[in-house]
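Residue numbers (our numbering), protein chains in the order written: chain A, 1 to 228; chain B, 1 to 62; chain C, 1 to 326.
Rather than coming from a laboratory, the hints here were simulated on the basis of the structure.
These stretches of chain A come out as covered by chain C in the derived footprint (C-beta under 8 Å, 3 or more residues):
#1 23-33
#2 43-50
#3 64-76
#4 82-88
#5 92-100
#6 134-147
#7 152-165
For each residue, glycine too, the CB sits at the ideal point set by N, CA and C.
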Amino acid sequence: MSTVEHKQWSARVRESAEKNLPPEQLLPDEQPVYVHSWIYVFGVLTIAAFAVVLASGVWLSLEGPTWWHTSKIGLFVNSLHLWSVELFFFFMVIHLWGKFWMAAWRGNRSMTWVTGSIAFLASIGAAFTGYLSQQNFASQWIASEGKDGLNSAGVGAFFNVLNFGQMFMWHILLLPIVLGILVVIHVLLVRKHGVVPPYPVEGQAAFDTGPEAVVDVGASSDDEGGAS
Amino acid sequence: MGAISMRLGEVLLGAVVNLNHPAHYFHRGWFQISVANLMVILLMIVVFILALFLPFPGRRVQ
Amino acid sequence: MSTAAAGFARAHKRDHRHVEAWKGGYRPYDLVKEFVVALVVVTLLTVFLAVLFSSPDDQPVTIARWARADAKDFTAAALSELNGTSEVAQYGPPYNSTPDAAQKIGPISLQTIPGVRIPIDTATDLVLNPLQSVAGDNPDLQAALSQYRSASPQQQAAWTTAYGKALDSATVSGGQLQVPSGDYGPVAVIMPAELALARSGGLDGALLATKQFYQTDYTKPILFISGGSYFEDQASAHNLLGEQWGMMNETGNWPGQPWLWLYTFWYQVPPFATSGNADALIWGIMIVLSVVLILVPFIPGVRSIPKWIPIYKLVWRDYYKGMAAR
Numbered sequence: 001m002s003t004v005e006h007k008q009w010s011a012r013v014r015e016s017a018e019k020n021l022p023p024e025q026l027l028p029d030e031q032p033v034y035v036h037s038w039i040y041v042f043g044v045l046t047i048a049a050f051a052v053v054l055a056s057g058v059w060l061s062l063e064g065p066t067w068w069h070t071s072k073i074g075l076f077v078n079s080l081h082l083w084s085v086e087l088f089f090f091f092m093v094i095h096l097w098g099k100f101w102m103a104a105w106r107g108n109r110s111m112t113w114v115t116g117s118i119a120f121l122a123s124i125g126a127a128f129t130g131y132l133s134q135q136n137f138a139s140q141w142i143a144s145e146g147k148d149g150l151n152s153a154g155v156g157a158f159f160n161v162l163n164f165g166q167m168f169m170w171h172i173l174l175l176p177i178v179l180g181i182l183v184v185i186h187v188l189l190v191r192k193h194g195v196v197p198p199y200p201v202e203g204q205a206a207f208d209t210g211p212e213a214v215v216d217v218g219a220s221s222d223d224e225g226g227a228s
Numbered sequence: 001m002g003a004i005s006m007r008l009g010e011v012l013l014g015a016v017v018n019l020n021h022p023a024h025y026f027h028r029g030w031f032q033i034s035v036a037n038l039m040v041i042l043l044m045i046v047v048f049i050l051a052l053f054l055p056f057p058g059r060r061v062q
Numbered sequence: 001m002s003t004a005a006a007g008f009a010r011a012h013k014r015d016h017r018h019v020e021a022w023k024g025g026y027r028p029y030d031l032v033k034e035f036v037v038a039l040v041v042v043t044l045l046t047v048f049l050a051v052l053f054s055s056p057d058d059q060p061v062t063i064a065r066w067a068r069a070d071a072k073d074f075t076a077a078a079l080s081e082l083n084g085t086s087e088v089a090q091y092g093p094p095y096n097s098t099p100d101a102a103q104k105i106g107p108i109s110l111q112t113i114p115g116v117r118i119p120i121d122t123a124t125d126l127v128l129n130p131l132q133s134v135a136g137d138n139p140d141l142q143a144a145l146s147q148y149r150s151a152s153p154q155q156q157a158a159w160t161t162a163y164g165k166a167l168d169s170a171t172v173s174g175g176q177l178q179v180p181s182g183d184y185g186p187v188a189v190i191m192p193a194e195l196a197l198a199r200s201g202g203l204d205g206a207l208l209a210t211k212q213f214y215q216t217d218y219t220k221p222i223l224f225i226s227g228g229s230y231f232e233d234q235a236s237a238h239n240l241l242g243e244q245w246g247m248m249n250e251t252g253n254w255p256g257q258p259w260l261w262l263y264t265f266w267y268q269v270p271p272f273a274t275s276g277n278a279d280a281l282i283w284g285i286m287i288v289l290s291v292v293l294i295l296v297p298f299i300p301g302v303r304s305i306p307k308w309i310p311i312y313k314l315v316w317r318d319y320y321k322g323m324a325a326r
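Required output: the full structure, derived from the provided sequences and hints.
Rendered as structure tokens:
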């Protein structure tokens with residue numbers, strides 16, 4: 001690796017990527033021995049469910065937003081989309097419970113928690129716009145009720161839940177992009193910092209010292225040297 | 001053969017269990033939840049507990 | 001040292017004050033295979049659930065369906081839009097600037113800040129203009145519309161109030177709404193014309209039409225539909241009302257959105273259950289709680305809960321047994 005100071009952006013980006021995520025860390029073939037519980041599979045299950053949500057959404061997009069009302073196959077693909085969303089939230093919330101009880105933000109991992117919780121909230125928004133795009137009784141009702149909460153916060157003036165065209169585009173374009181970016185950052189942070197180690201056994205300071213470390217993390221989490 | 005596969009296709013594309021009727025609700029005073037939602041939430045708790053307790057395959061930690 | 005551990009240690013040399021690179025053992029683990037297995041499992045589960053349960057698709061309410069099913073409710077709603085007494089007419093921003101209509105959190109009214117960005121004049125947009133568009137070959141309707149528009153607000157109110165009172169004792173016979181006779185001025189022509197336009201399906205179309213051919217904005221028809229009891233009765237039958245924890249529910253017997261449990265919870269309890277500012281207050285609460293969720297790692301006490309309630313001991317029991325054995 002070159003030690004010459006590059007002014008070139010491309011070289012800087014590449015070297016930063018190599019430094020933060022060398023290939024064997026980006027896609028390791030081993031995990032620390034403490035990663036040994038079924039609770040650890042709920043992250044990947046959430047991502048898998050997200051993939052099925054996207055795939056079924058793409059299939060629906062091929063035929064347009066009214067297809068599922070008039071076609072049996074369309075209704076089936078809509079069902080795939082609905083149930084993969086239910087599974088997505090099912091796995092994501094269990095993943096959140098697990099990560100909370102493991103205090104997975106310890107050891108400089110606050111941003112992993114932050115991106116994950118923002119992704120959770122963004123998912124709720126994506127689901128909301130999805131329900132609004134159904135063009136059936138449920139979407140009418142959800143729109144007429146949802147407008148009150150949003151209007152009371154001043155948001156409804158810009159985000160009109162009664163405007164199908166706007167809600168549909170937020171659902172199929174804007175929010176999937178936002179969610180995709182959040183998920184990618186979230187996973188890269190896990191790869192960068194490694195899976196959070198267990199709380200240390202009493203009398204032993206082998207590594208990460210639990211909640212006290214979080215105090216330091218608060219001070220240091222503004223990326224010292226830009227390579228956090 | 002064609003007729004059978006068409007029939008099977010219809011069944012698969014429709015619903016084996018018809019949920020298109022008024023929902024059942026669990027009521028206690030001001031608290032109300034549909035049985036469907038309640039089952040989803042209970043299932044989540046059960047799966048979470050199982051995930052914590054069920055042994056994970058592979059070599060035990062050295 | 002394994003390659004992953006070496007990479008980890010290299011990247012985190014400077015973190016040794018806070019996190020020491022894991023010095024313990026590693027175990028081979030195939031992440032790609034794990035993902036593929038997860039994908040197959042989730043796909044099969046999704047297909048299984050879709051085949052088993054399908055998905056709900058209740059027909060939307062149209063103005064035509066509403067007007068045919070309940071002529072009296074429709075006409076009463078249309079009348080309230082005409083004389084500006086409907087919920088939409090009195091809503092405030094973003095639809096109109098009714099004073100003191102906006103919700104508040106304490107002294108702050110976020111609702112008023114953006115102003116009237118989606119202007120709706122209920123009388124013009126929902127009644128008079130749609131009727132105007134079909135009044136071309138109907139001289140009586142044309143005359144009634146002109147007479148109504150040129151009358152004073154007091155005169156308009158007198159006519160609509162009288163019609164509204166008469167509507168209470170109106171009956172439906174032979175598909176027609178029979179309203180007792182009285183002095184309603186042009187309203188006596190306007191309201192039946194609105195009902196007829198609605199029943200024919202023309203009002204659904206008229207409310208969507210704009211100067212351009214294409215349209216995807218259903219603001220006017222949905223606001224109009226939400227003004228009547230018919231729409232709310234359909235929702236109530238499906239347990240979708242706010243006080244029925246409706247936000248979590250779905251039509252039919254399907255699971256809905258259980259993740260919205262905390263949002264809908266507040267609507268069930270005092271003081272929100274009876275507050276005119278419930279929407280604004282609950283939004284405020286949920287924003288605060290969302291920020292708290294995001295900032296858990298930085299909140300003393302909250303971030304220590306997992307240490308005090310040691311569920312983690314179940315997750316890492318193998319590791320702790322291994323440590324104890326040493």
